[in-house]
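If you're matching them up, the sequences are chains L and P in order. Under UniProt numbering, the first residue of the first sequence carries the number 1, and numbering increases by one thereafter. Under UniProt numbering, the first residue of the second sequence carries the number 1, and numbering increases by one thereafter.
Calculated directly from the structure, the hints in this document are not laboratory data. Hints are supplied without guarantee of correctness; some may be wrong.
[To be verified] Derived DEER-like restraints, expressed as beta-carbon distance ranges: (1) 133(P) to 60(L): 27 to 37 Å; (2) 133(P) to 29(L): 31 to 41 Å; (3) 264(L) to 29(P): 34 to 44 Å; (4) 140(P) to 34(L): 30 to 40 Å; (5) 60(L) to 317(P): 31 to 41 Å; (6) 14(L) to 133(P): 23 to 33 Å; (7) 317(P) to 29(L): 49 to 59 Å; (8) 263(L) to 62(P): 51 to 61 Å; (9) 49(L) to 107(P): 18 to 28 Å; (10) 213(P) to 46(L): 21 to 31 Å; (11) 30(L) to 133(P): 24 to 34 Å; (12) 155(P) to 318(L): 56 to 66 Å.
[Claimed, not checked] Output of the computed footprint for chain P on chain L, the stretches with three or more beta carbons under 8 Å from beta carbons of chain P: (13) 55-67; (14) 71-83; (15) 98-105; (16) 284-295.
Ideal Cβ positions, reconstructed from N, Cα and C, are used throughout, including at glycine.
Number of protein chains: 2
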Amino acid sequence: MEPSGLPTLQDVSRVAGVSTATVSRCINDPSKVARKTREQIQKAIDELGYTPNFGGRVLASRRTNSVGVVIPTMDNAMFAGALQAFQEVLTDAGKTLLVASSGYDPAQEFRQIRALVANGADGLLLIGTDRPQDTRDFLARRRVPHVLTWCFEPDSTACIVGFDNRKAGRLIAEAALALGHRNVAIIGGISRNNDRAAGRMAGMRDALAAIGPPARITRVVETRYGLDQGGDAFDVVMQANSAPTAVLCGNDVLATGAILRARDRGIRVPQDVSITGIDDHNLARVVAPALTTVRVPQREMGRQAARVLLGLIAGDRTLRGCEVEVSLVRRQSLAGPPPGG
Amino acid sequence: MEPSGLPTLQDVSRVAGVSTATVSRCINDPSKVARKTREQIQKAIDELGYTPNFGGRVLASRRTNSVGVVIPTMDNAMFAGALQAFQEVLTDAGKTLLVASSGYDPAQEFRQIRALVANGADGLLLIGTDRPQDTRDFLARRRVPHVLTWCFEPDSTACIVGFDNRKAGRLIAEAALALGHRNVAIIGGISRNNDRAAGRMAGMRDALAAIGPPARITRVVETRYGLDQGGDAFDVVMQANSAPTAVLCGNDVLATGAILRARDRGIRVPQDVSITGIDDHNLARVVAPALTTVRVPQREMGRQAARVLLGLIAGDRTLRGCEVEVSLVRRQSLAGPPPGG
DNA sequence: TCCGCTAATGCAAGCGCTTACATTTGCATT
DNA sequence: AATGCAAATGTAAGCGCTTGCATTAGCGGA
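Turn these sequences into a full structure, and let the hints steer you where they fit.
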């Protein structure tokens with residue numbers, strides 16, 4: 001193997017007239033080196049334009065200083081806020097972020113997790129709790145520090161930093177029920193392999209069940225996230241024999257799609273039908289009527305997750321997750337049911 | 001340094017009864033190893049639960065198989081589509097993605113670039129062309145393969161895969177002028193250190209200049225990207241002595257913010273004033289009236305950028321950039337000027 | 001001046017892997 | 001059976017860095 005041509009620690013040590021050990025210490029913990037020596041070394045480093053070789057460093061220190069995250073998708077802004085905050089904290093801690101996406105496919109997620117670990121991720125941020133046994137085994141066997149987010153389960157053994165999707169679903173459903181809605185439809189994300197989507201729908205069902213008859217769910221549709229998908233699902237739920245007076249959507253993208261479609265069909269929101277979302281995405285403010293939705297404190301979640309993960313990596317085994325709270329955001333898309341409804 | 005406890009290549013070679021070289025070959029290029037041997041080795045690997053050590057691999061092979069990207073922000077969905085596509089191609093090629101964000105700050109970008117390179121990025125994807133000399137020097141001196149995107153300059157020596165922001169600006173401005181607008185205002189992103197924002201505005205000015213008087217720009221406002229910022233800027237441009245009949249915005253987020261504000265103010269779009277965006281963000285479809293804008297083929301751009309970067313990393317020095325084409329998307333927010341306008 | 005102690009530095013052994021080169025093996029030809 | 005050649009495998013030298021331990025320098029106190 002021919003050398004790279006770039007200056008090495010060795011070169012620096014030669015120029016500075018000290019040992020490689022001293023140079024290494026000077027770079028990693030300057031306090032261990034006498035000021036005068038430090039200055040010499042710095043001069044040599046500048047002169048040579050030296051930067052430490054990543055591989056050598058990783059090999060010798062057994063640390064990469066990078067953490068990985070696998071998100072379902074980057075396509076819509078869904079995870080962007082949290083990810084940005086996560087990244088900021090990490091960067092401040094001198095870590096870099098490895099990013100991969102799974103397309104909501106557990107097998108793909110497992111592949112990405114392995115790839116990230118193979119690429120030296122010291123820790124991992126994962127979305128949701130729901131994953132196959134083999135993935136969990138891998139994480140456990142390799143002892144990969146990881147935190148789960150975008151979800152919360154108080155009694156889990158895993159480290160979870162997020163919010164309770166079920167509670168979010170319940171919150172929005174209760175808001176609709178409180179206004180007198182008794183026939184509601186649900187448009188959710190595909191709940192298979194997706195605990196967040198499943199939790200939100202379960203929460204909505206909880207709220208309905210708590211009221212009991214005559215409150216009822218006229219129709220449930222699961223679909224991929226997308227404006228058009230939300231619109232199509234809206235068409236479906238409105239064609240049910242007894243049309244709902246409120247359509248509860250699993251997220252703002254679906255809800256926004258539903259509102260656009262209602263507009264196309266000449267159905268007035270909220271006069272003819274109420275529509276709600278979850279997430280408090282930008283879209284929720286922009287669509288007319290603006291969406292009543294549940295706000296998720298993305299940035300705080302990302303920041304907290306980063307802190308916990310950094311702790312985990314540093315070897316703090318006492319860390320547990322924490323819950324961030326969601327809150328109802330009232331806008332125009334939700335009102336009481338129409339008089340005849 | 002105590003050993004990690006995880007099985008090593010050496011362990012595998014011992015169990016399989018072959019040399020470490022053979023095991024290494026078996027992992028990196030199975031065709032070089034006899035089938036029978038391969039099977040033995042595979043058995044040993046499975047038995048031990050072996051996975052290659054990242055550091056050793058990087059050190060010995062001088063490749064990390066990861067590429068870095070520095071985007072201005074992850075907060076809004078701006079770059080999400082392109083990034084997702086970029087990542088998909090990379091993953092298919094067995095690379096992982098390192099992500100950092102700069103917050104539109106050149107110094108921060110330089111820091112992130114260095115961090116990514118220090119963390120072993122084999123190549124870099126950067127947004128835009130406009131960066132300080134020291135950043136460019138660093139890239140050149142370290143010979144970091146990199147491609148620039150979200151912009152295009154045919155006569156640049158750098159590798160650029162993107163679209164011509166100036167052309168996009170011209171396109172949308174021409175559309176407005178063709179409808180008879182003669183008094184237009186511009187709301188753009190902050191153009192300092194941001195060639196994309198500057199290019200878009202320059203394109204708009206080009207179009208205006210090409211028509212000549214009485215076509216004129218009543219007001220130009222630069223502001224950060226955000227719905228509220230767009231709204232505030234809208235207020236400003238509408239207060240000018242002679243109010244514009246069309247407000248050209250540098251992107252869809254600003255334009256959407258402007259439309260929302262117009263609605264608040266009781267100003268009808270497009271009857272009283274036309275508003276346009278650039279990007280064809282999801283928001284553009286959702287806001288009412290829907291935005292006339294310029295579509296940017298994000299996914300294709302991301303995909304192409306990944307291809308070029310992979311080529312560059314593989315050592316292909318002949319690669320040049322390529323341009324992807326933008327196109328006008330006509331929706332309702334742009335119409336002719338009001339009769340008196 | 002000498003001693004003892006701490007702070008600073010040096011020595012050298014790896015970390016786990018890849019790969020150029022050398023060697024052996026297997027097999028078809030003669 | 002001897003030969004030649006390609007395919008398969010082994011040998012061993014690093015890749016550049018960190019770090020435990022040994023050594024030396026520096027300095028205050030007796």
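Hints that the structure is at odds with (numbers, increasing): 3, 7 and 10
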